[in-house]
Each structure stands twice: as C-alpha cells, then as structure tokens.
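Trainee: As you go down the protein sequences, you meet chains A and B in turn. With the first sequence counted from 1, adding 6 to any position gets you this note's numbering. With the second sequence counted from 1, adding 6 to any position gets you this note's numbering.
Calculated from the structure, these hints are not laboratory results. It cannot be assumed that every hint is accurate.
Treat identical chains as interchangeable: a pair holds within one or across any two.
As the list claims (entries may be wrong) - Simulated crosslink set (SDA-like; lysine to any residue; CA at most 25 Å straight-line):
#, residue 1, residue 2
1, 166, 91
2, 124, 82
3, 168, 51
4, 124, 140
5, 66, 136
6, 124, 149
7, 124, 138
8, 166, 142
9, 168, 41
10, 66, 82
11, 166, 27
12, 124, 161
13, 66, 40
14, 166, 86
15, 66, 148
16, 124, 136
17, 124, 139
18, 124, 146
19, 166, 147
20, 124, 51
21, 66, 143
22, 124, 143
23, 166, 136
24, 66, 51
As the structure is a prediction and not an experimental result, all values here were calculated from the model.
Each chain is listed here by its residues.
Number of protein chains: 2
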Amino acid sequence: MKNDHLPAPGPDSYEHERYMRAALVEAAAAAEADEVPIGAVIVHRGRIIARAHNQRETLKDPTAHAEMIALTQAAAARGDWRLHGCTMYVTLEPCPMCAGALVWARLDRVVYGPADPKAGACRSLYRIADDARLNHRLEVIAGFMEEPCRALLQDFFARKRKTATNGYP
Amino acid sequence: MKNDHLPAPGPDSYEHERYMRAALVEAAAAAEADEVPIGAVIVHRGRIIARAHNQRETLKDPTAHAEMIALTQAAAARGDWRLHGCTMYVTLEPCPMCAGALVWARLDRVVYGPADPKAGACRSLYRIADDARLNHRLEVIAGFMEEPCRALLQDFFARKRKTATNGYP
Chain A
7 MKNDHLPAPG PDSYEHERYM RAALVEAAAA AEADEVPIGA VIVHRGRIIA
57 RAHNQRETLK DPTAHAEMIA LTQAAAARGD WRLHGCTMYV TLEPCPMCAG
107 ALVWARLDRV VYGPADPKAG ACRSLYRIAD DARLNHRLEV IAGFMEEPCR
157 ALLQDFFARK RKTATNGYP
Chain B
7 MKNDHLPAPG PDSYEHERYM RAALVEAAAA AEADEVPIGA VIVHRGRIIA
57 RAHNQRETLK DPTAHAEMIA LTQAAAARGD WRLHGCTMYV TLEPCPMCAG
107 ALVWARLDRV VYGPADPKAG ACRSLYRIAD DARLNHRLEV IAGFMEEPCR
157 ALLQDFFARK RKTATNGYP
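Here chain A stands alone, though its shape is the one from the complex (with noise of 0.2 Å):
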C-alpha cells in the first residue's frame, strides 16, 4: 500500500499535485454552486478518503467550511475521530476554526494553496496547526500549487463584482 508520508512538496512531487487537483475539482463545484470555491481532500495511505467543498450558504450553516465537512466525513470512513496517518489538501490557507479541528482530529500534515492574509490561522494571523501548546501538531506545507487555487478564486470574486454591478464593473 502507498505510503502517504511523501517527501515535502519539491520538484518530484506528482503525488502531491494529484491530490491538491482533486481539492481543486472540489473548489470548482463550489463555484457552479455559487459558493467561494474553497475544497479541500483527506488522503490516508494513497486514498482519497473526504472529498468536500464549501457550503456554507448551500446548508445555511456558518460551520460548513470545506475543511470540516471533510474532516467529518474522514472520521466516518475511518470509523474513528483521531485520524493519524492522514493529510489533508486544501486550496486556501486554513481559518481559525480549521485549523483548531485540524489540531483536534490529530492530523499528520496540511498542504495548502496561497495564504489567507484576512483570516489564515496556520501561519498568516495564528500558527494554531503547529502550536507546541496544543496537544497535538501537524506537518504544515504552505503555498503549494498557489497559483491555480488563486486564480479560481480571483475568478469568483471578479464574477461576484460583476454581477453586482449590473456588468458595469
């Protein structure tokens, strides 16, 4: 079985890739629904095992980030809340609250996409995901793949402007 501790991201990370595009087809379905396009997956062992994107105003539910709906899924394949031996890819630096249920659910690793100068919780305003006064820290790899995460971002937010303008931006 493939074991899901690679390297860090560096020149041969194919692996890598592959599983933050799978985050990236996540955050493109938040988009078609209207969401900011924010995925995120949970990889154990060389599985994809949570695969999730934002809903917070699908659901109506303030909790509803990408991150979390994939950490409660992964607890339910995995059959226990403690999910060592696991990485999660997310497409956008992790806010508070991710980050402290990264930090809970006992992680090994967070690889995410750009930073989050508003609201990152794992190195832009907090370090929560690797703070030795926590009981637990995971492996933190941040700005990978930067680019596309923030183009579709970048996309959304132009779109949403348009819109409100009427197509007069």
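Here the structure of chain A is known, so what remains is to put chain B in place on it, guided by the hints.
Mentor: Chain B alone, transformed into the frame defined by chain A:
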C-alpha cells in the same frame, strides 16, 4: 419580546444564570453519555434556539464539540448562517475551532464558565473571539458561574481516573 441584550452578568444576573443552567443541563447529559461534560445553548431574543453537548465519542467526529453542534442548530432555527443578535452560553472557554466558528457565525456575545488554560481561545491561549483583525468581534464574558461548570468536569475526570485504576486511585 424580551431583549437579549442584558447587561453583563452582575449581582442581578438572573437571566444569564437561567441560560447557563440550561448549558449545564446539556453538560450533564454529556457526562451521562461518557463524553467530556461541556454544554452550550444559544439565545435569541430571550428564547433558547439551540441546546447541545459534546458528542465527539458518540458521533466519532472530531468537530462535534457542544458549540459547533449548537451553531449548526441555531443557524437551522434561524434559516441563516448569520447569527446576529444571538448569545452563546457555554460551560468552558471555547477552543480555537469553536471560537473561530463563533466569529464566522457573527454572534453578538459569548458567556462562558471557567477558563481553559490548555486550549482556550477567547482569553487563555488566543483571543480569537474579539480579534480586531477578523471581520467580526463578539463581546466576551469570561468566568461566569465557573464553580458548577468546573465541578462537572472535575467529577467526570475523577471518575475516569478511578475506573482506569480499577477503583483504586
């Protein structure tokens, strides 16, 4: 309709006490189910619109803290993820995940019992609930009715330790 915006708890804090007692009833239900006893309620215009307790083990879900379940319930009750005008009463200082969720849900206020020096994210380790850098800030009332909240937690862990040692502490 009763206004939810009571003054901060003081000598004349009967209403706050009533809501915190409802959160304590939830915490006791958690203990009964062998879950760490933490309970939360959400109040809107004098009415409790959500009551929940920690269900991490029961649901095998790392995100199933009392606060998260209560937020999802309250959003369903209101038909909107925005919980302006709402107050949460919770029997322990919220963690990063839950404090982050309170901000995203845009509650007016959080009232909690004892501080959590190991994971508290309103005052102890972080100040997420009223961080000026995030897009919403709650009023934070810390240390309200600490004693009964703490007693439930202490009894639970004392009983756990006793069981773990076959009744010989």
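Trainee: If you test the structure against every hint from before, which numbers come out violated?
Mentor: 1, 2, 3, 15, 19, 20 and 23
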